[in-house]
Amino acid sequence: MTVPKRIGKIRFGLISPQEFRKMSVVKIITADTYDDDGFPIEMGLMDPRLGVIDPGLRCRSCGGRPGECPGHFGHIDLIASVIHVGFAKLIRKLLRAVCRDCSRLMLLDKEKQMYLEQIKTLDKLGQPTDDVVNKVFAEARKHKNCPYCGAPQMEIKFERPLSYVEEGHKLTPSDIRDRFEKVPNDDIQIMGMNPDTARPEWMILTVLPVPPVTMRPSITLESGQRSEDDLTHKLVDIIRINQRFQENREAGAPQLIIEDLWELLQYHVTTFLDNTVSGVPPARHRSGRPLKTLSQRLKGKEGRFRGSLSGKRVNFSARTVISPDPNLSINEVGVPMDIAMELSVPIIVNARNKEMVKTFVKRGPDRHPGVNYITRPDQRRVKVTDKNCEEVAEQIDTGWKVDRQLTDGDIVLFNRQPSLHRMSIMSHRVKVMPYKTFRLNPSVCPPYNADFDGDEMNLHVPQTEEARAEAEILMRVQENILSPRFGGPIIGGIHDYVTGSFLLTHGYKPIDRRGAMELLKKFDIAGLPQPAGVKDGQPYWTGKQIFSAVLPKGLNLNFKADFCYNCDVCKGEDCENDAYVVIEDGQLLKGTIDAEAIGAFKGKITDRVIKEYSPTVASSFLDKMTLLALRGIMYAGFSFGIDDEDIPKAAAEQIDEVTRTARENVQKLIEAYNAGELEPLPGRTLDETLEMRIMQTLGKARDGAGSIAGRYLGLDNSGVVMAVSGARGSMLNLTQMAACVGQQSVRGERIRRGYEGRTLPHFKTGDLGAEAHGFVESSYKDGLTPTEFFFHSIGGREGLVDTAIRTSQSGYLQRRLVNALQDLEVKYDGTVQETRGMIVQFKYGEDGVDVSRRDYASPDNVKRLIKKILEKESA
Amino acid sequence: MSISVKEVQQRLDRVDLPQDLIDAILGGLEGVEVTAEQLEEIINQVSADYEHARVEPCEAVGVVAAQSIGEPGTQMTMRTFHYAGVAEINVTLGLPRLIEIVDARKIPSTPTMTIRLTPDYAHDRDLAREVAWAIESTSILHLGSVATDLAEMNVLIELNPGPMEQRKITAEEVAEKLREETGLAADQKENLIVMAPEEPSYRELLQLVEKIKKISLKGIEGIKRVVIRKEGDEYVLYTEGSALRKIMQFDGIDPNRTKTNNINEIAEVLGIEAGRNAIINEATDTLREQGLSVDVRHIMLVADIMTVDGEVKQIGRHGVSGEKASVLARAAFEVTVNHILDAAVRGDVDDLRGVTENVIVGQPIQLGTGDVQLVAKRFEVKQ
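Going line by line, the protein sequences match chains A and B.
Heads up: the first sequence at position 775 corresponds to 775 in the numbering used here, and the numbers run straight through without jumps.
Heads up: the second sequence at position 253 corresponds to 253 in the numbering used here, and the numbers run straight through without jumps.
No incorrect hints appear here.
Simulated restraints, written as ranges between beta carbons of each label pair: (1) A/GLU390 x B/VAL372: 40 to 46 Å; (2) B/SER216 x A/THR661: 42 to 48 Å; (3) B/ILE107 x A/PRO281: 37 to 43 Å; (4) A/GLU390 x B/GLY370: 40 to 46 Å; (5) B/LYS211 x A/GLU679: 32 to 38 Å; (6) B/GLY370 x A/LYS89: 36 to 42 Å; (7) B/PHE250 x A/ILE839: 36 to 42 Å; (8) B/GLU221 x A/ASP196: 51 to 57 Å.
Calculated lysine-lysine pairs in the BS3-like style (CA-CA distance at most 25 Å, straight line): (9) A/LYS135 x B/LYS313; (10) B/LYS377 x A/LYS5; (11) B/LYS313 x A/LYS124; (12) B/LYS6 x A/LYS867; (13) B/LYS6 x A/LYS872.
Hint data in this document are derived by calculation from the structure and do not stem from the laboratory.
Glycine included, each C-beta is placed from N, C-alpha and C at the ideal position.
The following block holds chain B by itself, in its conformation from the complex (with noise of 0.2 Å):
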């Protein structure tokens, strides 16, 4: 007497267990006849072992991602090494990008970004270089050469036409993006461009030359390098750099699929619970990388303290130790002696709840089996 899929699934409807065991449930019970009964045994064992697997309360889970965490630290390497696959882009890997994720650096030693294209780019190698000749910034160096003529005391930019015409820039546009960037005149023949500074004189000329190197004639400034490459049937551009609201703005350029390395930029585009995934991601992939396993809960719970208040936080002095509540605490971690003078002068109160404060006054600590409280009910023994 089987049931049908239907009623499985409404049965199951009404089942307290995560989404990923209600699914495995779907899942192996497809195309398989159950009964009523075979359906409730499934569910009464998944449930035991469920509840089996529950943490317990009052488990010190923070100490234990602690640890999880930071004992693989002491097995990884140093160095950065080639991103797994792009051989041209340099990535931090290994402790130093644990370190940097866990201090929530503004801006990474080295921000990247993996860009996806919507479906009518990504399958064609031409449309794709198109966007990334269009994203890269470009400056005077990618089109041409810059010399100085001491004699008439100018300013000679050469372009070549082969890669402004790979850019879509003109030599006319070229000369009003200078013009706009430097305030001065821009002499524009053919590819030539002659430029002059203000005062004729030797050291302003070479300013002037630094100046205009710098200068990001088009695409987006940030972005020093894109990469092209070809993932299974599709493009994808790696970049040097990173500017994720511009770059999410793009023709062709899909943002559901598209992320970058640095994760504050996630948080202040895309909000806190992105900035949360993002550490999440960024950490489990580094950890991966270096052939080290661990669970993504730990992981989970150090993304979460980072960002509970709805900022990214370091952990650490700045961020979440130096925010406790706890006086003690706080001075038995860093910079001891102004913690507790301005304690003082606050008339802060110290409610010994944590682990530092209770080992500093010599108590139990409340957490794990010192959090649960038993009284012994005494009674005589006959004689």
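Just chain A, same shape as in the assembly (with noise of 0.2 Å):
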């Protein structure tokens, strides 16, 4: 078997002169690209040699086709040599260091040996020399005379943006390089350059290369024109001004004018190579748009590096709108059929295969599980069509691969951006499906953090038996219930499956044969259990039984529900709200199945099943579990609407008491402070007392509203049983809409811009009282007043913004925290190192304990562990 090949190493560095002319496969001397008829002019920026860009041409240099052929470099040989904008600022350093005269590194030699050996130590260990480096040229330009030569050493001056300036006197690049010739190898290294790889003079450039035409594709708009790459227009005004260089050099030309003209060409290599050096003006297309050069291509988001380098597009992917679908299993993605016929998988022809793939063929690419390619083994790919299916499938024989569409029980890898954590890529497999949307478990949606308001998801086929066998093993939903963040189940009840299973469990209601059939019919259940009691002659059954079904066997489990009120003294599982969980062997005793029990994020029982069962075990209780609640919310019937947010009228009129009081007492602690009679909190001014006292009051108002109204809203009330089992919403949503929206803020404060002294015109100025600055007394279903509703929208503009913000903000943070920890890794002794070797942790996290398997080394299962041997001894 072959082991695939891997590039061991890059080495960076410059290109001499003489290895640009080496490379180049042509000399360019003229700036046209095409002639009349539209073929590529020789030794032209589009020269045949550079590489093909037309179909049906063949490259001059390789022979290879479009899409075959890389490209070849090519050059100019400028006139004049230029200096390399990248570099400028190392050239000033380098001329301060060097001697002008002998060109020499301006210090003793005793110093060179102790830096050049600083600077090999520094290599070896693998850490950056900069420091060494700086601290060199630093002494080398306290230096007034050469030390070798004796020269005096001038004061060098860098005029924006490139020019070198000696006591008053320019040096033209050619001095430059002339100086830089002559540095020896040994001085090179010292000022930290490699002098294999980068002389300093081929820092000022004397040949252009000219990059090969697949790097600047001419593109033929509609009209028949053509229309060049911003390089190569910048390289047309390379050419033209290196030719007006040389005939005017040639013609004798005065000594400024050829002084222009090597100004000009310094700036057309100089926007070539970067358009945005600062003091030089970017260089534009004939529309006025700058030109995008080389560094602009590498930089940025969208740039090479981090737009085409590390993010690589690929085949075998589809995308489209999700939707919900409570009947397919957790580990199961509905793929619409048009998707299912597009994508594939590829097949390799055995013996042992071969009628069965033959069966596939036949059936050609429109009828479903069919074929849309077949490779053969010289690596010709023939479409499969309708016409040709027959026979292709008669030809077939081990060796070739067929490109089988996607069916039922493929594994696929499901994604949903923004991608945060890894479980925002899981594997999943293929349910094939009619209509056009991707269909998944709604229990899913935590991890993907999913929602069915026009969200988007992608899909991605591997096409290896390796990429497959990790997508099965480590990928799979069932896999991922853990979080590595914090070692708790993320997948599980979300919404209706909440209160679906909260209205079925909570209280001992009973429920009849009949009901209890229609809840467990779509289970694989033998009998019911023993029914709890008899009642007007028929036996019944209560929903924690019924839930019981869904439990695995042996499964003991103790916890306070979600909703439990913290009592001050718990009862536990004399809890008379029902809201202490006991399980014992699988059998719901007691409490009531919530958000706690089963909710993602939380989910008590998920969390014990998967860690005392298995993944396969946890992935079926949550398929079961969820059909269940919707039966159940089914059963009970559940709806919500604008009545649920009715108060009786006693409450309506307490919660008006309430504010009122509020008001008032706003209004005396005004009163007190204008009388002066305000004690000021320590370490606070009289004016922020004052405002933390009123935000205080109107706080205490707006719960007490709230708590006078959920005293009137019980459990059968649905917002209640929505907020009290974890379902969605809160109390405070319910308060908000059916008693009163409190305080608006800005910042944490009240709100206090607007004009001068008052919010709004509808106040008198320096009104300090509670409706000026922002408390909404109404409620969402009585409606605001048009004041309240304005600093209402005040404060959810606040939220927007907020929201917007924090993404970008929080999206950087990722960003760099992935950048400086991706290359970690736990080593086989158990460290955990970086790329170079060195040990971050000796030990991952002190303990070497895997986040999500931590409750197997965490005390609290050792607890467990003696319990049980204990007693296993005992009995």
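Two independent chains are provided; combine them into the complex using the hints.
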């Protein structure tokens, strides 16, 4: 078996003029591209030896077709040397450190020796040498005379953007080049450069490489006109000036003109390399748009590095809108037929599957599990069509590759952006379905952070055996139920699943035989359990018994439910609110199943099941539980309407009373403040104290209104059921809808902006009262007064801005964190190391425990084990 | 045939398990009769479970840690809220605070200290107050008022005896301090101090007033405010501003239980290990306050990479990411062009060991399943 080849290393360096010429396939001398017939001109910028872009032609250098030929570099001989902008600063440093006469680094031999050794040790340790090198430059600059030839060193001034002035005399690039050529190799090393890969004179260009046409393809517009790439435009400029320069020089033009042309050449080469150099006006397109030249191609998010090299495009993928389907397993994904017929899985034909493959091929591409393409052993690809499918099927033999369409049971990767954690890409099994959307079980929404308001998701089909194996073993949804973030389940019931199980299991409502059968009819259960009792001569069951049907046998668990009121003294199993869950041997004896038991991010039951049984058991528990919960919610019936926000008149009056007293209290505070009787809080000014006290009073008023409303809204109210069970919303949301919206704030303070001394012209200047600063007394249901509405919109706007800023900030934080930590890996000896082999941690997390399995190494688990072992022995 | 606690202890000493598990076994067996066989079984079971919980080699723990901290970032709030409990002191919380921590800023936007006192001071309100007055930086405005007399071209400082007594400072001391700081004569009579600028110009006069206002007369510079709170049965001081080195040497302050939220200051005063722990504590507190659960192991890893080479380094361009070995990885992060130019001059070699580099050249990354090298042994199937 062949081991795949790897690129071992990449060495960076400067290219010498000799090498430029050696790798060049053609010297470019004319600035023209195509002739009148549309053929590329030889020795022009589109010389056919530079590569091919037009279909049907072959490369004159390598004979490759477009797509095969990578392109070849040409070169332009520059009449006069020019400086490479990227190295302008370094050239300045070198000029100052090197003798103007003998070109030696102006340090004593002893110093050189010392610095060289320092650099070598740092290199060996793989640490940056920048500090030493900077010291070398600083020290060398201190010498007024060369320690070797004694020539006096002159002050070199760097003038923006690209000229060096030595005592009023401008240095030409050729002068600089001459100096650098003489620098001895040893000295170069001390200055932090590698003389083998980067001689300083190579920073001054005498030959300009011309990138292959494949890097700067010209496009033919609809009108038949050719439109050239920005780089080509720039190269045209360079050649033109180069030619003019040559002509002028040969004609013996005056020095002034030569200098101007030299500067112009420098400008064009500079902008060819980087069009955003400060001090250099950017070269522009005819339309006025700045040209996108070499360094612009590399930089930034859409640049070569981040856009093309780190982010690659793939085939065998699909994207469409998602919608829910509770009948699917959490491990499945519904794929539309149209997509299934487009995507394919390669099958290599062998003796055993030959007949099966033939039946696929015979079906052609238009009948579902068919075949789109086949690849023959000689790598020729044949498209399977309705017409040729029979014929091709007969030819099929071992060794052929057949691209079979996606069918039920294939493993695919499913992804939703932003991919913030590894659970944003998980593998599912395909279930081909009608219609046009991807379908998924709503329980897997939390890890993807998906909803169905128009979200789209991506699907990828792994093409190799290795990829499929990884997808199946490591990436399946059930393997990702436990989050590596905190070791708990992030997949679980949401919304109606929670409501449904709450309604089913709360209390001991009798369910007759018909109801029980209805609830359990989707399950593979032989019979109903013992009835809980007999009522009116009919046996009945409780919701708890029904729910127990989906619990695995042997499960023991006790915990407080989400809607536990946190009483002062917990009565545990005797909880009169049915908020303490007791499960014994897979039977739900007491308590109510809500978000704490099965919800995403909480899910105590899911957590135990996956840890005590297996991911497979957990996934089938989730599947069954979600089905039952939906049956439960349908059995009980559930709806929420505007009248669920109604509160009795008595309650409304009480709420009015509360808000009125709050307003009065605020007024009293203001009076006390005006009278100077208010005691400032320690370390606060009087104004701040007043604000804080007012905020407090109004906050209390809202809470008061809320608790009054809460008292009148019981578990017969759908909103309360949702809030209390943890399905959706909170009591605060309900309070705001039914009783009082409360104080609107900007940056945690009452609203103060607006006119001088007042927020709106509706109020008196200097009014500090509740309603003048954004206290909304009405409820959403009653409707807001115009001023309240205005204040509410201010608060709402702040929320929107806040989210917008937060997403960008946390996105950048995430990018930085991932970039800093991505190379860390646990080695076989348990240490955490980065790429250089530097040890970051001797034992991962100080105990070497995987977060998603941390419960096995927890003191709680130890206690459980001890209990089990001691009990076993005594029994 | 139960064995003694000492024997259990001795047996456990020979077990290679994390300390918390050993403690848990000891705790679980306290006051319970165990036989040697039972103990053996317990140890075996616990070890087996621990072994099951171990991280697998080649696991990309870095990426998991980064994602585990970054992902909850989207759920955090932007606002700075009041400190839990102490309404008087503002502290940056939520996402901005988390960013501040990984940025390794020299000075956080809201430096604060939590100062705990030695037992003899901690339970006495008056003593605690005394410490508070002593460390709080006192400016002239705390003690009285500053006015200008334009006719005489001088500054009139009127001191209130009340605050002066509270802060244990006399008018003479104030005058002396002012002389020392300004280098000007200060005429002190009772509670009135008169100072004049060198030249009787209007501008100089106003500048002098500003200067006087800024002078710290007493206490520790940088401690702008001190608030006392009772926590349990002891008094705790919370400060706005931070000066760990000076505070730790103060009488009545328990240096072991006193902390600041300035990570760099901790690393500087107490060493890099303390700095690492400070990062862990601050990040954990920030996340917990937002109600987000993130395992410490992830935060530890971030703290460790920030502090591996002995100084607190930022997560980002000027720290960890900027000092990576790979040119391509650095170029793909930020300031692309400069990294490539520098690499060319230095003749750098990229060994292509990290993630980004291998993605760029298009070969499998050497992490996780990509780091395992298996070659199938080919065998002929007999017909």
